[in-house]
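Visitor: When you get a sec, could you build the whole thing from the sequences and use the hints?
Chains as they are written, first to last, in my numbering: chain Z, 1 to 117; chain U, 1 to 114.
These are calculated hints, taken from the structure and not from any lab test. Think of the CB as a built atom: it goes at the ideal place given N, C-alpha and C, for glycine as much as any other residue. Each statement offered as a hint is correct.
Restricting the straight-line Cα-Cα distance to at most 27 Å, the calculated cross-link-like pairs of lysine-lysine (DSS-like) are:
#1 Lys65(U) <-> Lys18(U)
#2 Lys49(Z) <-> Lys71(U)
#3 Lys57(U) <-> Lys71(U)
#4 Lys49(Z) <-> Lys57(U)
#5 Lys69(U) <-> Lys18(U)
#6 Lys69(U) <-> Lys17(U)
Covered stretches of chain Z, going by a simulated chain U footprint (3 or more residues, C-beta under 8 Å):
#7 45 to 51
#8 86 to 95
#9 104 to 112
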Amino acid sequence: AQSVTQLDSQVPVFEEAPVELRCNYSSSVSVYLFWYVQYPNQGLQLLLKYLSGSTLVKGINGFEAEFNKSQTSFHLRKPSVHISDTAEYFCAVSDPLNAGNNRKLIWGLGTSLAVNP
Amino acid sequence: EAQVTQNPRYLITVTGKKLTVTCSQNMNHEYMSWYRQDPGLGLRQIYYSMNVEVTDKGDVPEGYKVSRKEKRNFPLILESPSPNQTSLYFCASSLSSRGTDTQYFGPGTRLTVL
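Guide: Encoded structure:
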């Protein structure tokens, strides 16, 4: 069964520093990959997704992620973070070969990004 | 504005007292689901619905019921809540269940069962 591992549960970083949030998934077959963000006291919203094509995906708020099939990874990056990026970040995978009707997302446990001044 | 709404946002109740958390979307989405979010356990799917009158169990359905009588609404029912159902609940919707679609989440309902 597909699984998602977010390698860091917490990432503290100073404002304007670069950040990378790591995500690995278990299966090497074709997958769809997502990053969602949850700001304090809010629901989740999509940052970006990879379905096919270019392995470098750009999302909202200056974030980007790179799909690496050989390493089964989908790490999220931002070159310069702001205080407002403080949030919980979730990586998720959907398996297009899932024969069932519920092609649900398999979620990582989340990475808490804390941006300090 | 395209959105998923949930009510109530916060609820404190006692063991055994039936409650309903409402969820409504205005995007004409076919697929809706309920999640619970717990520290250290991440997001777990409770129930999902492919369309009107079509619902099925997710990963943690015990103690919950749902219904989908209209496309826009997907209420979550706890007929006899217990303290282990204290959690943060999210409703989500997407255009379809294809797995490529963006999921849109409600703001969450924080439930405490005493």
